[in-house]
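Here the structure of chain A is known, so what remains is to put chain B in place on it, guided by the hints.
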Amino acid sequence: MLHLTTGRVGCLLSKQAVVALTGSGARMSSHGHHEVSDSVDMSQPMYWDRLDTPLPDRPWKDVLDSTDKSLKQKEKGPWTALSKEEKIALYRLKFNHTYPEMKRPSHEWKTVIGGMFIFFGITGLVVFWQGHYVYPPQPHTFGEEWQAKQIQRMLDMRINPIEGFSAQWDYKNKQWK
Amino acid sequence: MFRPVVRLSTSGVRSLTRTRPCYSAPLASRCYSHAKVETDEEFDARWVTYFSKPDIDAWELKKGMNTLIGYDLVPEPKILDSALRACRRLNDLASAIRILEAVKDKSGPHKDIYPYLIQELQPTLIELGISTPEDLGMDIL
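Chains A and B supply the protein sequences, listed in that same order.
Going by the working numbering, the first sequence opens with residue 1, and the numbers climb by one from there.
Going by the working numbering, the second sequence opens with residue 1001, and the numbers climb by one from there.
Heads up, some of the hints might be wrong.
Here are the simulated PhoX-like cross-link-like pairs (lysine-lysine), alpha carbons at most 20 Å apart as the crow flies [said to hold, decoys possible]:
no. : chain 1 : residue 1 : chain 2 : residue 2
1   : A       : 76        : B       : 1062
2   : B       : 1053      : A       : 76
3   : B       : 1078      : B       : 1053
4   : A       : 74        : A       : 94
5   : A       : 74        : A       : 61
6   : A       : 72        : B       : 1062
7   : B       : 1078      : B       : 1062
8   : A       : 94        : A       : 76
9   : B       : 1063      : A       : 94
10  : A       : 84        : A       : 72
11  : A       : 61        : A       : 72
12  : B       : 1063      : B       : 1053
13  : A       : 84        : A       : 74
14  : A       : 61        : A       : 76
15  : B       : 1078      : B       : 1063
16  : B       : 1111      : A       : 103
17  : A       : 94        : A       : 72
18  : A       : 94        : A       : 69
19  : B       : 1062      : A       : 94
20  : A       : 69        : A       : 84
21  : B       : 1053      : A       : 61
No lab work stands behind these hints: they were computed from the structure.
One chain only, chain A, in its complex shape:
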C-alpha cells in the first residue's frame, strides 16, 4: 500500500496512481484474469472493506493454491486444532484489511492543507503582478493634497455632526477629539 508521507507535490501526483491501484485492488487477489482492464466487473460479486458491512459478497482471495486449499480443509474440522498463524491466514484469505487497518488515519489532510496554501500563494502572486502591471494609475483624487482639502470641505459642510465624522472634530481647538 502506498503511504503518502513525503512531499506534497509528490503526494498530489502519486494520488492518481493510488486511486487507480486501489480501484483495481478490489479485484487484485481474484479470478486470475488475463485482461488488464482498470474497470471492475460490476456483474460479479464484489469485495469491499467497509466498517458497516462486515461480510462482503465474496472472499478477498478467490483463487486458492494448494496450501490454501488444505488449510480450508482443516477449517472444516475443530477450530481448536488450528494454530494462531493458521487462524490469521484463514482471516487474511477471506478479508483484506482488519478493522483497525480500515480505520487507520491517513496523511491526506497534509496534502489538502498544503495544496490550499500553494493555491493561496499562487493567487497572491497573481494579485501582486496584477496590481503592478494591469491596474491603471490611481485617480488624482487619491493624492495627499486633494485628500486634505476633501476632509476640510467635509468638516466645513458639517458631515454627520452628531454621531459621525464632524462630531469627532473639535471645532474650537481645530483638532481631532
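For chain B alone, kept in the frame of chain A given last:
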C-alpha cells in the same frame, strides 16, 4: 318529479358537511401510527432464531450480519452466540473473527461493551475454538 331529487341532494350535502375531520377531534386522539412496537426481547428472539437455522447458507449469514450491523444498536451476546455457531456450521472461522471485530467497532466510544460481550461469549469461544482479534494480535495496526 324534480323536487324529491333536489330534497335528497340537499340532505346529502348537509350530511357530508356534518362529518368531522380528524384534526377537529378532541386532543385525546392523535394521529400516531397504530403499528405494534417490537420489544427488545422479541427483537433478540427473532435474530437468534434467524441465525439458529440448521441449514443456514453463507448468503443468509452475510445478509443477516450486514443487516444487524446496520441497526443502531450493539447485538446482545445471545444473538452473537447464535451467529458464531452459524459460522461454525458453515466452516467459516474468518467470518466469526470478523463478527467480533464488527461489534467492537459498533460499540463506538463505549469501551466497556466489547469486554462485556467477550466475557459473556467466553464459553462459546472456548467451545468452538474461536480466537478473539486480540488473541491473534489483529486489534492493533
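Do the hints match the structure? See the list:
For the suggested pair residue 76 of chain A and residue 1062 of chain B, the alpha carbons sit about 19 Å apart, so the restraint of at most 20 Å is met. Between the alpha carbons of residue 1053 of chain B and residue 76 of chain A the distance comes to roughly 19 Å, so the proposed pair stays at or under 20 Å and holds. For the proposed pair residue 1078 of chain B and residue 1053 of chain B, the alpha carbon gap of about 14 Å is at most 20 Å, so the pair holds. With a CA separation close to 15 Å, the supplied pair residue 74 of chain A and residue 94 of chain A stays within the 20 Å bound.
A distance of roughly 17 Å separates the Cα atoms of residue 74 of chain A and residue 61 of chain A; the hinted pair therefore holds under the 20 Å criterion. Between residue 72 of chain A and residue 1062 of chain B the alpha-carbon distance is near 19 Å, which keeps this suggested pair within the 20 Å criterion. A hinted pair counts as satisfied when its Cα atoms are at most 20 Å apart, and residue 1078 of chain B with residue 1062 of chain B qualifies at roughly 18 Å. A distance of roughly 15 Å separates the Cα atoms of residue 94 of chain A and residue 76 of chain A; the hinted pair therefore holds under the 20 Å criterion.
As the CA atoms of residue 1063 of chain B and residue 94 of chain A are separated by approximately 16 Å, the hinted pair is consistent with the 20 Å bound. Restraint check for residue 84 of chain A and residue 72 of chain A: satisfied, since their Cα atoms lie roughly 15 Å apart, inside the 20 Å limit. Among the hinted pairs, residue 61 of chain A with residue 72 of chain A is consistent with the structure: their alpha-carbon atoms are about 12 Å apart, no more than 20 Å. Under the criterion of a C-alpha separation no larger than 20 Å, the hint pairing residue 1063 of chain B with residue 1053 of chain B is consistent with the structure, at around 14 Å.
A C-alpha spacing of about 13 Å is found between residue 84 of chain A and residue 74 of chain A, which places the hinted pair at or below 20 Å, so the restraint holds. With a C-alpha separation of about 18 Å, the suggested pairing of residue 61 of chain A with residue 76 of chain A holds against the 20 Å cut-off. For the suggested pair residue 1078 of chain B and residue 1063 of chain B, the alpha carbons sit about 18 Å apart, so the restraint of at most 20 Å is met. Between residue 1111 of chain B and residue 103 of chain A, the direct Cα distance comes to roughly 16 Å. Compliance with the 20 Å bound is thereby established for this hinted pair.
Our distance criterion of 20 Å between C-alpha atoms is met by residue 94 of chain A and residue 72 of chain A, whose separation comes to about 11 Å. Restraint check for residue 94 of chain A and residue 69 of chain A: satisfied, since their Cα atoms lie roughly 13 Å apart, inside the 20 Å limit. Between residue 1062 of chain B and residue 94 of chain A the CA atoms are separated by roughly 13 Å; this keeps the pair inside 20 Å, and the hint holds. With a CA separation close to 18 Å, the supplied pair residue 69 of chain A and residue 84 of chain A stays within the 20 Å bound.
A hinted pair counts as satisfied when its Cα atoms are at most 20 Å apart, and residue 1053 of chain B with residue 61 of chain A does not qualify at roughly 27 Å.
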